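Trainee: Letter by letter, the chains look like this.
Protein chains: 2
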Amino acid sequence: MTFSSFNEEPQGNYDADYVIRYSFGASDREGSIEQLNKLLQTLAGAGFLTEIRPGDKTTLLVFIRAPEQSLHRATHTSRVRDWLYGLRNTQPDGETSPGPQTDAERLRAINYMLTAPVEEGGANITPKHGEWKNVDSIFPLHDDKTNQAWMRDWSKKTLLTREDLDQIRDKFGEKIGFYFAFLQSYFRFLLFPALFGFSSWLILGYYSPIYAVVNCIWCVVFVEYWKRQEIDLGIRWQVRGVSVLSSKNRHFQPESEIRDEDTGEMLQVFPWTRRLQIQLLQIPFAVVSILALGAVIATCFAIEIFISEVYNGPLKGYLVFIPTILLSSLLPIASTLLTKVATKLTELENYETKEDHDVAFIQKMLVINFITSYLAIFLTAFVYVPFAGAIVPYLDVFRVTVRPFVSQEDEKTINHVDFKIDPARLRKQVIYFAVTAQIVNTCMETVVPFVMRKLAIKYKEYSEEKANGNDKSTPVYDDHPDEVAFLKKVRNEAELPEYDVTNDLREMVIQFGYLSLFSTVWPLVPVSFLFNNWLELRSDFFKICKEFKRPVPERADTIGPWLDTLGLLAWVGSITSSALVYMFSNEGLGPDGNPTDIRGWMLMVTIFFAEHIYLAVRYVVKATISKIETPSIRQERTQKILQRKSYLGTLSVPQTKPDIGDKTVEITHASLEEDARAHTLQEAHPSDQFWGRQKNWSESLHIGTTIIKAYQGPEAKKQQ
Amino acid sequence: MTFSSFNEEPQGNYDADYVIRYSFGASDREGSIEQLNKLLQTLAGAGFLTEIRPGDKTTLLVFIRAPEQSLHRATHTSRVRDWLYGLRNTQPDGETSPGPQTDAERLRAINYMLTAPVEEGGANITPKHGEWKNVDSIFPLHDDKTNQAWMRDWSKKTLLTREDLDQIRDKFGEKIGFYFAFLQSYFRFLLFPALFGFSSWLILGYYSPIYAVVNCIWCVVFVEYWKRQEIDLGIRWQVRGVSVLSSKNRHFQPESEIRDEDTGEMLQVFPWTRRLQIQLLQIPFAVVSILALGAVIATCFAIEIFISEVYNGPLKGYLVFIPTILLSSLLPIASTLLTKVATKLTELENYETKEDHDVAFIQKMLVINFITSYLAIFLTAFVYVPFAGAIVPYLDVFRVTVRPFVSQEDEKTINHVDFKIDPARLRKQVIYFAVTAQIVNTCMETVVPFVMRKLAIKYKEYSEEKANGNDKSTPVYDDHPDEVAFLKKVRNEAELPEYDVTNDLREMVIQFGYLSLFSTVWPLVPVSFLFNNWLELRSDFFKICKEFKRPVPERADTIGPWLDTLGLLAWVGSITSSALVYMFSNEGLGPDGNPTDIRGWMLMVTIFFAEHIYLAVRYVVKATISKIETPSIRQERTQKILQRKSYLGTLSVPQTKPDIGDKTVEITHASLEEDARAHTLQEAHPSDQFWGRQKNWSESLHIGTTIIKAYQGPEAKKQQ
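Taken in order, these protein sequences are the chains called S and P. Using UniProt numbering, read the first sequence as starting at 1 and increasing by one per residue. Using UniProt numbering, read the second sequence as starting at 1 and increasing by one per residue.
These are computed hints drawn from the structure, not numbers from a lab. Among the hints, erroneous ones may be present.
All copies of an identical chain are treated as equivalent in the list; a pair is satisfied when it fits inside any one copy or across any two copies.
[Claimed, not checked] Below, a list of computed lysine-lysine pairs in the DSS-like style, where the Cα atoms sit at most 25 Å apart:
no. : residue 1 : residue 2
1   : Lys627    : Lys709
2   : Lys227    : Lys622
3   : Lys627    : Lys227
Here the structure is a predicted model, which is why all the values come from computation and not from measurement.
Using the sequences provided together with the hints, build the complete structure.
Mentor: This is the structure we're talking about:
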């Protein structure tokens, strides 16, 4: 079987493990060659095979292949490390052949060999960092054949199996495996609320308290189930507790270096008290974010209401787009600025590990994400509907927004006497976020970049052809005919951006938020999400395979800070749902469109009870789910029991069954008495006498019997 | 140095490890002797030395001593088990001499040898259970000398040191060690609120919002600090995670026995789903408890108000005691009944381990404890004060309670026109619970039983003397003169009840509750508790030493379910404190004693914000405290690092530094080519050609240099 017998796609990878994209700037030719020399020496020193091919005009492609021998050693070391850190229960044996390896483990081990610091046994090649400025990126190659087969397979399935998830993990590592497992669990769990939501929409209508309660309970069960699932998967994939094996944050700047007296290690120290001080900056950051984004959103919201519901002058049909235009231009600017601040803040906090750094950044971004995602609906539900009557008169200040477009005379005709609260506004908004925005999002994420890339490639080819004098017959690069297709694929992949699973997770968590917070408004929300997520799983996989470099497999035992976010959203959901139900359950509005009969204290009491019942239910659900023993957990338990049993078996105390006048006992007594005599030579030990009175157990029995008979005698006589 | 040179107290223990109190009933003399025979054989078979002395009229005292040899083996086995279960980081070495032992470890190991099931290497002696009906109790003897020395020492100290706590743990085991450590931490933490409360009482007065906020924060910090402290102590005492080594619940009744296919063990199974169903009974139990106890307390409360504040007929001075008498007679009855139900329920839930059983029972009792402790104050604060005006007219029904004592004519004079809410009632009640009840409690707990015991002993001696014909010169028992004092002490201790640390912990947790829930009412609460707890620590120790059998050392890594209770109380404290402050901060009452200006929605909003700010603060405090590295945690980390380092050191990959034409690289290439040739014999491998193009890294460098020069050449020229 030869690879060349395949068509252009799917393309084999010629056993190349990694490709280094080495860029040589035009300015420093000698320096580039110098560094290439060093790179190749380092790679050879670490035992890698290398091949060089041209990339594009300013880059080389260095293909790397790890020989079996050193790969085995690296894998073994990695597994021993796992065992020492408690990730594996059994000590791995056999350095020469460490047993079956997954694709992901192999790539991870090689990546460790390439990038880990020298003192930890790596080659310390750090792309774009330190002495490796010209190393643009290090990436593995996509396994197109498998990817295509999976995509075909999944497009015919409703649910992925456990084995499918294992395969994803085997190819792309646990971190991405966890994302797909989450997506899959979420999708499966959505079946119930989708069904219930649909029935509820048919029978109960909007703002049904029953739907709200069921939805809240569903959210809790899902979150707690997923936590359990994480443990299960963590054990199944042998990554439970992997966060202890954190990788160093390359940007960490220690305040001082201290020699640890006990371990003899040089510790780079940055005092946690100082970090805490910097972390306190998060509070003003959160306040500023809320104010800035809140101001933008609230203003656009107010303008929209003014134009759509108060203003009735000319050009209204066009003017209604003003707020949308404002929002879609101002919000990204504000978000980008705040993201920069968040990045800067996280850098200042100066974390020692990459993992801590990422978590801290995600936490900061959460505030921004929440506001941009949910604030608009919050404003409609809890400001616009209850207080519109009071606020709308003040909206006249937004008259300035229409002034540029309307003549002075026309402006005078603006009046707002016949303002009415639009009770359907809230629902329209929720539908927008639950349906329209999801579809738009999927397109923006998958389809648009794909088309853009295709166009970019076409353009590049065109311009290169032009540069080469429109000679279509000769290929652009002087490649060996066998390798043309392969090198085309590699050049293609080298151009792609790097994948970060965080963004996809965020998207799903935000989506869960709409469900938990606002789905009482429109019970079809889960139905929409169900369809969306079937597609999402597939389109995300397509995206990873086609629009990103193959990610370097990373390990994880959780979806990270998103887990807490899910819990938080479910919790807040209990508050918003109860408030929405109370306020709107009889469509909430009086005849004039004002919600007259909402009583403040009743609303607060409703929220208070809903929230605390939620918390109690959560406690119960947690306790119940913790009792479920998943297959992996069971298997691990069994394994541990067997291990301990076999070890303790070698130690078990031989149980001596004494006959009368048992020898061991006598020997013990004899030795005691000898001890006692030996002691007497030095000093009298008072307890020796005490323990010498009854020579062995049968003497004790004799004394005991005597006592029993003596004491019981008279009493027994009395009874007669 | 001989023990006999000491006075009667403190008394040495003649190296006796345990004493078995063996009771022989009057009815079955032969059976008693038979069982004694078996007992002594079993003990001898397990390698113990025994001595028998008479106890009182119906009991024998069997003294047990474990020879060094078997004790060493038992200790070693126990330590290996700890290591296998992850309690120890290092594998214990040396079966012959397992290294230094604490008193507690020795006693625990011997207890295990005595009571563990045969299949786990014990002698399976189960007091009062199964075949050992006549074995009344197995208990170690108090080390009076040390106990007295400690009591003297501590009475002069304000704070116990870390070493003192270690000593308690070494003598009494980790479970009691944890109680004293908690008491000590709590006492130390009380210093701040006592000081702040006192200043606040002087300057800010009652119901100060500032005090409330500080108090809430203090509660959170204390609870979170203690959680951290538990981890620290757990590591220091090598008990972290000890709960996995749970001991079997002897009353567990499996539904079926299943052979575990994987481990080959016979598993006794009781399905968790069935247990869950029984656990659901907790809900009606809690409801019934609340209703029953609530009804008793509320009724007595109402009668009290009626008599003290409405009734103004004759005999008022005496009648006010009616509710107190009612309460102190009805409440114990109701509590006892409910406790019985709780015991029954817990038994029905049929837990597999003793630990689970205890936790489940404590959780059930919590409801009862909470109601009896806090409901009265709750009623005053949240029912009496806001609603008394509306309720009092209905209290006339309690006229019946005075009727038996008052003539019909007098009864007519009863009127309740001039009823006024007593704003000081709440404070009086809090003062009662914070000061009076605490003092009474300490007395009831320590002084009264001590006096009662002394009297009982005197009475017993008196009656025995009488039975022996008033002959004071001859001793009651026919003891060896050397042993008279010792046996007197042992007979004394055999009579004492068994100590359960749960009750003392409950007392402290309930006390913490008064502080967190109601101390805004009277900021001197922490001052009172500070003094009380200094005494409490000492009197509890006195109690353990003098009024209870020496407890068998048990291990624990936490104070158990009380920890969650502390968290819950701190949480509820944020709600009650904010509500109290809002309602009473300007003494809360209008001129007529009615709190007229309390607005429901404002109250609810206050509570809502207070609670959520509390939760946010808790989150921050938790995060901050988790960053503090305590000495033990640091030490453990260091130990683990050293261990891993030493192991990984043996595996580290030798780093080959290549010179030009490096040999290892060439060898690798050569071997690859050989491989390639070998493959060619079978089938052509397409990647061989690819990897064969550049023979080694210097060839790669050559190609790379050529490409760089070729591509860069024209561009460089352009730039010039």
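Trainee: Among the hints numbered above, which are violated by the structure, and what are their numbers in rising order?
Mentor: Going through the list in order, the structure violates hint 1 alone and respects the others.
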